[in-house]
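There are 6 protein chains.
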Amino acid sequence: MRIDGRTYDQIRPVTMTTDYIKHAEGSVLIEVGDTKVICTATVEERVPPFMRNQGRGWVTAEYSMLPRATESRNVRESSRGKVNGRTQEIQRLIGRALRSVVNLEALGERTIWLDCDVIQADGGTRTASITGAYVAMVLAMGGLIEKQQLTKLPVTDYLAATSVGILEEKAHLDLCYAEDSKAKVDMNIVMTGAGKFVEVQGTGEEAPFSMEELQQLLAFGKKGVEELIEAQKEAIGKWSTQIGTQTEGAARHA
Amino acid sequence: MRIDGRTYDQIRPVTMTTDYIKHAEGSVLIEVGDTKVICTATVEERVPPFMRNQGRGWVTAEYSMLPRATESRNVRESSRGKVNGRTQEIQRLIGRALRSVVNLEALGERTIWLDCDVIQADGGTRTASITGAYVAMVLAMGGLIEKQQLTKLPVTDYLAATSVGILEEKAHLDLCYAEDSKAKVDMNIVMTGAGKFVEVQGTGEEAPFSMEELQQLLAFGKKGVEELIEAQKEAIGKWSTQIGTQTEGAARHA
Amino acid sequence: MRIDGRTYDQIRPVTMTTDYIKHAEGSVLIEVGDTKVICTATVEERVPPFMRNQGRGWVTAEYSMLPRATESRNVRESSRGKVNGRTQEIQRLIGRALRSVVNLEALGERTIWLDCDVIQADGGTRTASITGAYVAMVLAMGGLIEKQQLTKLPVTDYLAATSVGILEEKAHLDLCYAEDSKAKVDMNIVMTGAGKFVEVQGTGEEAPFSMEELQQLLAFGKKGVEELIEAQKEAIGKWSTQIGTQTEGAARHA
Amino acid sequence: MRIDGRTYDQIRPVTMTTDYIKHAEGSVLIEVGDTKVICTATVEERVPPFMRNQGRGWVTAEYSMLPRATESRNVRESSRGKVNGRTQEIQRLIGRALRSVVNLEALGERTIWLDCDVIQADGGTRTASITGAYVAMVLAMGGLIEKQQLTKLPVTDYLAATSVGILEEKAHLDLCYAEDSKAKVDMNIVMTGAGKFVEVQGTGEEAPFSMEELQQLLAFGKKGVEELIEAQKEAIGKWSTQIGTQTEGAARHA
Amino acid sequence: MRIDGRTYDQIRPVTMTTDYIKHAEGSVLIEVGDTKVICTATVEERVPPFMRNQGRGWVTAEYSMLPRATESRNVRESSRGKVNGRTQEIQRLIGRALRSVVNLEALGERTIWLDCDVIQADGGTRTASITGAYVAMVLAMGGLIEKQQLTKLPVTDYLAATSVGILEEKAHLDLCYAEDSKAKVDMNIVMTGAGKFVEVQGTGEEAPFSMEELQQLLAFGKKGVEELIEAQKEAIGKWSTQIGTQTEGAARHA
Amino acid sequence: MRIDGRTYDQIRPVTMTTDYIKHAEGSVLIEVGDTKVICTATVEERVPPFMRNQGRGWVTAEYSMLPRATESRNVRESSRGKVNGRTQEIQRLIGRALRSVVNLEALGERTIWLDCDVIQADGGTRTASITGAYVAMVLAMGGLIEKQQLTKLPVTDYLAATSVGILEEKAHLDLCYAEDSKAKVDMNIVMTGAGKFVEVQGTGEEAPFSMEELQQLLAFGKKGVEELIEAQKEAIGKWSTQIGTQTEGAARHA
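Residue numbers (my numbering), protein chains in the order written: chain A, 1 to 254; chain B, 1 to 254; chain C, 1 to 254; chain D, 1 to 254; chain E, 1 to 254; chain F, 1 to 254.
If you are wondering where the hints come from, they were derived from the structure by calculation, not from laboratory data. In this text, all values refer to a predicted model and were calculated from it rather than measured experimentally. One thing to keep in mind: the hints can contain errors.
The list makes no distinction among identical chains, and a pair is therefore deemed to hold if it is satisfied within one copy or across any two copies.
[Stated by the list, open to error] No more than 27 Å apart at the CA atoms, straight line, and that leaves these computed lysine-lysine pairs for BS3-like:
id, residue 1, residue 2
1, LYS184, LYS152
2, LYS223, LYS184
3, LYS233, LYS222
4, LYS222, LYS184
5, LYS233, LYS82
6, LYS182, LYS22
7, LYS22, LYS238
8, LYS170, LYS182
9, LYS222, LYS170
10, LYS170, LYS152
11, LYS238, LYS223
12, LYS82, LYS147
13, LYS184, LYS238
14, LYS182, LYS233
15, LYS147, LYS233
Pulled out of the complex, with its shape left as it was, chain A reads as follows:
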């Protein structure tokens, strides 16, 4: 039994409150246990300079934590005058993950900015950010359809993420902070609705892991992602009918 009474392969309760911020084109407050992230999607009718005039859109993400999202207060990155390495790594991960299920040609020459702001942290903030950002992005794209700026969702599949780890020799799904801080192996898994991997990032700084351990972590991750995708379907409501889980050949790069 785990700290909070879950079984090893059980994710924490998930809620997604859509349209949480009135100004954003798409927004959601995602709660995974006590981890709470406000995800907003902003549509900008242009792309970064390096992508201009190619007929393709862009999806990019920013991630931050409020200073007191964590047990002890963090100095703001704006006060430090720079974005630290961990934040940049997470931002790059979120953007890359979401782009993997977006048909950038179909999106057209516009940028979707995904802002993931952690207001309370209890482990798994980067994976909750990916899962929530997906919902905010789809809602913003839905808005473009309603304004007749798009004819259909330029999204090839669902996408969600969770963390897995090894703690006291056992694999655990969806680690809360108390577990995460004691885990010897830590892995983030981003998968599509079709069950394919978009990102696998496992690190065993505290203790290298064997092939068998890796396989169990991957299996746990798959289970968690499938459950998160069910929650996403409800959150995006009517837009879910436009997201066919893609077979490999149907993806944008095929």
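Please arrange chains B, C, D, E and F on chain A, whose structure you already have, making use of the hints.
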């Protein structure tokens, strides 16, 4: 009648959800109309270098907006690599205002950090931040009493803030964004429970204002602050009995 | 009697040495007591990007102190790598104040940069900067008239600023540093030749102030500004005939 | 057959020139095909502030490229004034990877700085950096033994890294730049001499990958790392006798 | 005949107004033609960390220009967020030059900060800064003697600087801006009262120069420095008796 | 006899390995004793904004050291977030020196970037950088001729640099670090093939120097540069026939 049906001297609905963030020593989600600010108070058991060994505490504030708190997305200050002038001005104002009602000697050599993060903006974010930060601060100080690190609240009076302005030749109390963006005169007023001014900041960049106009703005501000202080009393609950509205002579500097 | 023998409502001696810097389009060395500020006005034949093609001009200000303008040496902001909050606040104040008396449409698509560099500080540097920058600005605009780039001064009124404060329970006009450092209430007042307020910034961090105190500070401020405007009239010489003190209806926004 | 005539599971020629920089405590020029990295190890007799007085050492890494290591010139990070996200991500990866095989307690309160400077890039610079930094680190630790500051190598196992990827539907080992730029799936694998994973970082931004593909990539990676470790053994010479490939239980955290 | 009527080996009129800034321990407004620099000397009773506990003092300099010291306005370095290369080069030069005539052991563990702020520029600002900073430094040291913190001036010789250049095939002494901007060879010479060189910095980016040209430039520089030193003697008044022009053997390093 | 057995007017062994970096248009590894610098030349088909549409090219340089090029590790400038004064001074020197022998009009509207990265430092890194950058530049220009983008080398003369100094009362040519750190006078000399000076930078912070000493240093410098130019001739091979040592009148500015 105003845009949202209020009378000229009426403030917007106010709600304060206390203990909003589990990790912070004090926290509140303050909503003033559609303006929403998460205020957290962090207790740090030391003071900045320039204040060490003087037997006095310190109260300081930081303010920020989520990128999509506003109608169009703002670039993060962490991405820009610096805190802009407006933010610094607001941070200095919040800190100065709160210190005016704290007995720093009684607080002891510790710092209260007040983080005001605007998650949705609709005018009056700096005044809502002051009003909310006061509540978060009192709750954090209450926690110190419960942990027997303080014997009583080192707070000499209530403190709240509101904005007033002149728009279409008429004074208005508590401007929402639609009003604020059209106002020719804009004033922020910070007052104590005893009805004294802590800050009066009026600017008529668009049109200088007369002595008579100034007087009416001050009267509206006083009314607004009184109503906000009633909401604060409820939010801080039992701790309100320890805050005697001070006569001038009883203030910390007397 | 005050430290330097003045009465409570008396300003310090003021001198304005115009054309102090040969390269600038307008310049003045303003001395208010021992406070000395070099104010230069630079005309740039374009406006910032956000204002282009609107047919309006812009007025903006920068403020700085030489490291040894003060009793102890200040680290240069260029060495620190950033402009601090106080400086930004002052720069924003100076720019805002001067724009309140400039008809930006009549100025045309050009920018007036006002640089206020304090070479010796003895209290009231920001108000002396405003008072001096006004003179430098008018001289630079006069130069545009002489070069036939403008037909008349795009200035709707005089503008000057002074500080007032409460010290040992008494209101004081135009505080020198020794007074300022002991004042419990500190207020800066920017007014026009017509006697209207452009900025009122009062702060009682050390001790909140009552409505009566506020009224007396406003009256002292008005007296000080009137005397400074007399000095400005002399400094700008022939251009003074083009500045009609405006009734409210005649201001640029009327 | 691949661009450069290799088979799909073949790594590029590897050479390691040790003691390449005379001032460093340990150094190597590692060449993997046309990728060339100078790795130096510096011993500093103290640890970062957050680790003081814990009786443990620290290993950290920095990574950079000369501006013309790549086909087109990169702007120096020192000129930009900040270290970009990709660089920070790589630096964190290198440090984390090396710490996984170091017994920090046995190292004592000192820091090993590993500087990896890419002088010519042709794909796989981060994995070559890890493989080379390991050698530089062992040589520097060997120097501590020779100076009798350590009695034995505080290293629990070998450690090397390589890249694998999917390109034209086929798995490839050790991608050169021409391959890397066309790969749809890209994975970096860091493994120990005992065949355990320290880092697995796979990304399919261009095309998500299946479980079967993942398995093949892992197998290729294992083969590549084993061959690199053989080259490391030669490079470190006599010190290789002190590095017993560890069974899991013998690692530092056991 | 030159632009301003001088002969080729004639310096511009020089004036030095001492005690120009009341707060500084030493100060001078130096005017060399239309070049005007405020030089202040600040005494700090400690040395930088790298020099502590060695029983020696330190002399360091900072240099800046007001934005409108020049014909077109320069962006402030504080706004840019960094000190540019030219400024740093000049600061290093000024500090190095002054240290060459200071007996740092005799100064004791204190730092003299020399701030050179150009308020009006017309060529030769760096050499005027050196010449003026020397005066400010001696006055500040004189103050230490008067306060009995030093018994005699820790200065081994006079020190002044001037510029020389080649323009239209002819050597010129003390170039004004109009000359400097057309010179093909530009050289700054810093010399002592004993006629020795402290710095010789000649650059012929526009046209390399021959040995004969170099000799003539050196001779002109020597003449200019001798005249500047006469002006320094007057400026420092009574302290001049304590500065014996040193023979080489008597310098601090002898 | 010197530390390393050389006579006072003898330079260290010099080797230049051309085409050292495969991606660069021109490159050389220059070794002067134990000082090793990788110099690359990059051709960019545009000029900086301030030079556009003038029909002239530009030559600019950047200089850096690997952290462990020196005996103790230097913090990277990218980590510090700024380029320090010494580096900027050297960069400016290298660029200025090379431009003195380039006919910028003949180069056409393109920029040659010279990157000088010191991988091992043992004194004289800036002069070795100039000497090596010249070779890399000529090779890159040669490449433009081979691609028929230029018809002949836009180079008016050879250019090399060396250091000289006074140590234990004696002039020394080409100081190694052990000598440099004890020298009282330090001078860098940049000369052309025609024996003209491009830069003369001598500093006697530790001890001012006499006219006689200056003359001997200049003579030693001339000898060293002549020998370095011989090595350059071999390194650039066939291109040497296009570099006529120019008489003064033939230089580009004639």
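Hint check:
{"no.": "1", "hint": "LYS184 x LYS152", "verdict": "between (44 Å within a copy, 26 Å between copies)"}
{"no.": "2", "hint": "LYS223 x LYS184", "verdict": "both (21 Å within a copy, 25 Å between copies)"}
{"no.": "3", "hint": "LYS233 x LYS222", "verdict": "within (17 Å within a copy, 39 Å between copies)"}
{"no.": "4", "hint": "LYS222 x LYS184", "verdict": "both (20 Å within a copy, 21 Å between copies)"}
{"no.": "5", "hint": "LYS233 x LYS82", "verdict": "neither (37 Å within a copy, 39 Å between copies)"}
{"no.": "6", "hint": "LYS182 x LYS22", "verdict": "between (39 Å within a copy, 21 Å between copies)"}
{"no.": "7", "hint": "LYS22 x LYS238", "verdict": "within (20 Å within a copy, 34 Å between copies)"}
{"no.": "8", "hint": "LYS170 x LYS182", "verdict": "within (12 Å within a copy, 38 Å between copies)"}
{"no.": "9", "hint": "LYS222 x LYS170", "verdict": "both (17 Å within a copy, 24 Å between copies)"}
{"no.": "10", "hint": "LYS170 x LYS152", "verdict": "neither (44 Å within a copy, 33 Å between copies)"}
{"no.": "11", "hint": "LYS238 x LYS223", "verdict": "within (25 Å within a copy, 47 Å between copies)"}
{"no.": "12", "hint": "LYS82 x LYS147", "verdict": "neither (38 Å within a copy, 36 Å between copies)"}
{"no.": "13", "hint": "LYS184 x LYS238", "verdict": "neither (42 Å within a copy, 32 Å between copies)"}
{"no.": "14", "hint": "LYS182 x LYS233", "verdict": "neither (33 Å within a copy, 33 Å between copies)"}
{"no.": "15", "hint": "LYS147 x LYS233", "verdict": "within (22 Å within a copy, 46 Å between copies)"}
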